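Respectively, the protein sequence lines represent chains A and B.
Each residue of the first sequence is one higher than the one before, counting from 1 in the working numbering.
Each residue of the second sequence is one higher than the one before, counting from 1 in the working numbering.
Among these hints, one or two may not hold up.
Derived Cβ-Cβ restraints for the label pairs, each shown as a range [stated by the list, open to error]:
# : chain 1 : residue 1 : chain 2 : residue 2 : range
1 : B       : 410       : A       : 40        : 56 to 62 Å
2 : B       : 410       : A       : 243       : 38 to 44 Å
3 : A       : 111       : B       : 561       : 26 to 32 Å
4 : B       : 21        : A       : 23        : 27 to 33 Å
5 : A       : 66        : B       : 410       : 55 to 61 Å
6 : B       : 405       : A       : 8         : 25 to 31 Å
Stretch by stretch, here's where chain A covers chain B in the computed footprint (C-beta under 8 Å, at least three residues) [as the list claims (entries may be wrong)]:
# : region
7 : 426–434
8 : 482–488
If you want a taste of the chain A side facing chain B, the calculated C-beta under 10 Å gives, among others [to be verified]:
#  : residue
9  : 54
10 : 74
11 : 78
12 : 104
13 : 151
14 : 155
Just so you know, the hints here were simulated from the structure itself, not pulled from any lab data.
Note that the structure is a prediction, hence the values are computed from the model and not measured.
Backbone N, C-alpha and C fix where the C-beta goes; we use that ideal spot for every residue, glycine too.
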Amino acid sequence: MPDVKLVKARKTFDKGRIVAVDQVSLHVRDKEYFSLVGPSGCGKTTTLRMIAGLVEPDEGEIFIGDKLVTSLPPEDRDIGYVFQQYALFPNMDVWDNVTYGPTVKAWTEKKRERIGREMLEMVKLYDRADAIPDELSGGMMQRVALSRALAAGSKLLLLDEPLGALDAKIRNELRYEIRKLVNDLELTAIHVTHDQAEAMAVSDRIAIMKKGRILQVGTPYELYMKPQEIFVANFIGESNFLEGRVVRLTDDIATIRLRGDLKVRARRNEASKRNERVVLAIRPEAFEISKRQRKSVNELKGVVEKVRFEGTDIRYELRLANDDSVIVVRPSLGGEWFKHNDKITISFSPDKTHTFLYPPQGLLTELELE
Amino acid sequence: MAHGAYLHDLRFWKNRRFITSTFIFAVVASLCVFVLLPTFYLISFTLTRWTEVYADVFANPLIGDENWMQILRYLSFSLRLSIVAVALDFLFGIPLAYFLARKQFLGKSLLEDIITLSLVIPTSGFGVATLLTWTGVSGLGVLLGRGVVEASYVVPIVNVPFLMLLVHVALTFPYVVRTLQGKLENLEPIFAQASRTLGASAFTTFRKIIFPLSIPALFSGGVLAFARSLGETGATMVVASIHTTAPMAIVRWVSEFKLATASFLGFLLIIFATIAILLVDVFVQRIGAFKTPKSNTLARIGHQVLRTEKVLSGKLRWLKDIASLAAVLTIVILPIIVVLTSVGAYWSLDPDTGKYQGSVLYQLFGPPNYFSSLMSATLTSVLVAVISTYIAACIAIPSVYLIKRYRAGGTLRHLLRIPLIVPSSALGLSVLLLWGPSGLNLATPGIWLIVLTHIVFSVPVVMEPTIAVYEGSGISMYEGVARTLGATPYDAVETISIPMLKRGILAGVILSFTRSLGETGATFLVMGSDVTVPPLVVNMVESLAIPAALFASAYLIALSLILLLLFRIVVRK
Ligand SMILES: Nc1ncnc2c1ncn2[C@@H]1O[C@H](COP(=O)(O)OP(=O)(O)O)[C@@H](O)[C@H]1O
Ligand SMILES: [Mg+2]
Chain A
1 MPDVKLVKAR KTFDKGRIVA VDQVSLHVRD KEYFSLVGPS GCGKTTTLRM
51 IAGLVEPDEG EIFIGDKLVT SLPPEDRDIG YVFQQYALFP NMDVWDNVTY
101 GPTVKAWTEK KRERIGREML EMVKLYDRAD AIPDELSGGM MQRVALSRAL
151 AAGSKLLLLD EPLGALDAKI RNELRYEIRK LVNDLELTAI HVTHDQAEAM
201 AVSDRIAIMK KGRILQVGTP YELYMKPQEI FVANFIGESN FLEGRVVRLT
251 DDIATIRLRG DLKVRARRNE ASKRNERVVL AIRPEAFEIS KRQRKSVNEL
301 KGVVEKVRFE GTDIRYELRL ANDDSVIVVR PSLGGEWFKH NDKITISFSP
351 DKTHTFLYPP QGLLTELELE
Chain B
1 MAHGAYLHDL RFWKNRRFIT STFIFAVVAS LCVFVLLPTF YLISFTLTRW
51 TEVYADVFAN PLIGDENWMQ ILRYLSFSLR LSIVAVALDF LFGIPLAYFL
101 ARKQFLGKSL LEDIITLSLV IPTSGFGVAT LLTWTGVSGL GVLLGRGVVE
151 ASYVVPIVNV PFLMLLVHVA LTFPYVVRTL QGKLENLEPI FAQASRTLGA
201 SAFTTFRKII FPLSIPALFS GGVLAFARSL GETGATMVVA SIHTTAPMAI
251 VRWVSEFKLA TASFLGFLLI IFATIAILLV DVFVQRIGAF KTPKSNTLAR
301 IGHQVLRTEK VLSGKLRWLK DIASLAAVLT IVILPIIVVL TSVGAYWSLD
351 PDTGKYQGSV LYQLFGPPNY FSSLMSATLT SVLVAVISTY IAACIAIPSV
401 YLIKRYRAGG TLRHLLRIPL IVPSSALGLS VLLLWGPSGL NLATPGIWLI
451 VLTHIVFSVP VVMEPTIAVY EGSGISMYEG VARTLGATPY DAVETISIPM
501 LKRGILAGVI LSFTRSLGET GATFLVMGSD VTVPPLVVNM VESLAIPAAL
551 FASAYLIALS LILLLLFRIV VRK
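Given the sequences, and given the hints that come with them, work out the whole structure.
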């Protein structure tokens with residue numbers, strides 16, 4: 001029942017000098033785990049706060065369920081909101097925090113008791129009901145905040161960097177715990193984070209934001225496999241970007257001449273005419289790497305400049321014959337290892353590439369986070 | 001159906017807006033009527049009656065511009081006194097603040113309490129204590145068999161009376177110490193440690209990092225101290241001897257019905273105070289930190305300077321800490337001890353002459369019967385303090401909301417700081433002219449006019465600590481949380497903000513109560529026959545009933561110590 005729609009929502013601060021959210025339209029479906037991802041300062045929190053009613057948009061409309069809520073105060077929107085700083089009321093113990101929603105909604109004593117107990121048991125903190133927030137660890141506090149947000153029975157859960165203040169290990173555990181909770185209780189969740197790995201791990205769909213705008217919405221698979229913008233290709237996962245010009249076009253393959261007259265075949269995507277300036281994006285994990293030539297398509301020669309062992313993966317920084325530099329990542333437990341100064345050949349399949357038009361303001365500007 | 005729900009919500013929302021605007025109007029209106037209007041009325045009074053004022057001050061048919069000459073004399077005397085006092089505040093206050101911010105030691109909180117004490121102590125009582133300590137035979141004089149100095153002794157070179165300077169430093173140095181200490185505690189760990197790890201000595205770090213960063217704090221502390229000194233009346237009147245300061249002149253002129261001259265002097269004092277606070281609030285705080293000017297001379301002798309500083313960092317530290325500690329103890333604690341013990345010494349006979357007529361007992365219960373006047377003054381004082389603090393809290397707490405919620409709040413806050421530093425006798429005069437018989441005639445001098453006067457400064461006194469707690473505890477975030485959990489704005493205020501603000505409010509209420517209890521300058525002008533304790537003390541001194549004044553001072557100081565204890569419990573919970 002609670003799907004969430006934003007229609008051309010816009011919010012500025014400082015008398016219009018800062019455009020925090022610009023013409024954002026979104027549809028979050030019922031029972032979906034939806035994430036809003038982007039570099040910090042891109043307007044994620046502001047978007048979420050508009051949905052919650054904590055800020056009112058300058059323009060545009062917001063619907064929760066079928067109801068227009070644009071200027072409805074937060075207490076009438078029936079939402080649960082979890083803040084990055086936990087925001088447990090310091091003047092109340094855990095129990096009073098969790099039952100705060102039912103209390104201000106004047107539910108009966110009996111119902112409050114039952115809900116409070118259920119909620120705290122759900123996050124396995126019933127035995128800490130008497131604790132004051134300061135006595136709890138970060139992970140515990142965030143679990144209390146979560147149960148508090150859900151205690152009044154809301155079916156829409158808004159999470160603003162809920163794991164941002166936690167240690168890496170706890171962060172990983174808690175994100176699956178939240179995901180499971182959302183499934184079990186059949187909630188709709190909107191999760192804001194700057195951590196794309198976190199979003200990829202738990203979300204049904206993700207929206208990528210940059211500078212107040214939404215660039216692409218899709219499942220983790222779609223964002224990884226079919227990024228529609230250079231920024232997305234770089235922000236979700238990682239990409240090598242090689243500049244070149246189109247020399248030949250067939251139905252779905254573009255032949256591209258890189259610097260130094262190297263020719264490669266790539267998926268056609270945005271390339272539309274001969275001699276057009278394009279950027280070829282290839283993920284570091286899309287390359288094969290070997291010391292021998294194998295006479296397959298898209299072979300490029302190069303030298304290993306740097307090797308970094310990262311545990312799960314090995315990361316090579318290569319210098320190609322045309323002086324372009326390329327990052328290649330290989331699983332450390334599969335295949336051959338290479339050393340500094342090894343002469344190698346890399347290859348990649350055309351359908352693991354993406355071709356974008358060369359951005360008018362230049363590649364670096366396009367990739368800037370803020 | 002969705003459409004209907006929308007309409008319903010819209011109506012609900014509008015209704016709420018209506019309540020909100022009514023609330024804002026009520027708060028702003030009471031702020032204007034009870035606080036801002038009385039503060040600035042003297043200005044408009046002086047300007048609207050300019051011909052009258054001019055005729056009296058500059059072109060008096062009898063004495064020409066003699067009144068103007070007197071104003072200039074008192075004003076320049078007061079300014080000189082305040083400047084010297086602030087200079088001494090800096091001299092002792094800066095090392096003390098640095099010491100308190102850096103060190104943890106046994107008795108630190110006691111030292112901090114002593115510093116707070118001089119902010120809340122009833123000044124006329126403190127004046128008696130100082131007078132006795134330095135000029136009486138039972139003070140420091142026990143060692144010499146006579147007073148250490150004459151009451152009228154003037155410090156050469158700076159040319160200000162010794163006793164006045166002492167009480168002004170004692171009553172104003174806490175402003176410098178506290179603002180600076182607060183600032184230092186915030187920046188000490190990061191910047192200074194970084195500087196030390198980069199190889200700078202403690203002294204060099206102070207000069208290059210800490211001092212430039214704390215200049216804004218020094219400025220605001222200095223201005224507060226300056227304003228307080230400029231307006232101080234209670235203790236000043238007690239130790240004045242033959243000297244007269246500007247606020248004292250106002251009190252005297254009002255009692256002589258020279259209202260035009262008095263109001264012109266009050267007008268000037270208010271203008272001075274307003275300019276001072278605006279300078280600090282608007283300019284200094286914006287700048288944040290001052291860049292150390294690049295000086296060529298300094299660069300040339302740089303190496304030498306750095307070496308000297310290294311040596312000083314090692315050796316001089318003790319000296320300056322001890323010196324400033326000793327100063328505080330001598331000017332604040334010693335008089336208090338002296339006054340408390342002297343009550344015992346004077347209890348049944350004058351230790352000097354051995355006469356019963358010079359004893360506390362005789363003056364309180366004998367024919368002078370000061371005890372009954374003291375008791376009725378106490379009743380008046382407590383009534384005034386309770387009523388004005390209560391009304392002030394009712395105005396101040398909602399004002400905190402306005403200030404933190406709305407864009408214009410910043411300006412409002414600057415305006416509301418002005419009553420805190422306006423010399424209180426000017427304030428009293430303003431209230432007298434506004435509400436009193438010659439103005440709107442709402443109240444004649446007496447308890448209600450005192451209440452109206454005390455409300456003016458009590459509102460900002462309650463407000464400041466409440467705002468501090470508000471800012472320190474992220475109230476607006478918690479209110480947002482409460483709203484997402486289904487609380488209406490009123491629920492949120494009631495269940496979250498008020499409980500969280502409770503400590504700030506309580507601290508403010510105690511401070512306001514104490515300040516009302518100790519206020520002298522303004523009360524003098526508006527009290528009529530409803531005498532409160534501090535003016536009573538001054539009257540006792542002026543009628544040379546020293547043992548009675550002693551007892552009343554000890555009594556006032558004891559009261560303020562109890563309040564301070566309460567304050568401490570509230571603040572340090
Ligand atoms: N209350 C505010 N006043 C002024 N600027 C704000 C306010 N809230 C957010 N901003 C600005 O809006 C932009 C987006 O902020 P935010 O939504 O918090 O980004 P994110 O959550 O993605 O980091 C930032 O430039 C931020 O500085
Ligand atoms: Mg954010």
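(request) Taking the numbered hints from earlier one at a time, note which ones the structure violates and give those numbers from smallest to largest. (result) 1, 2, 3, 5, 7 and 14
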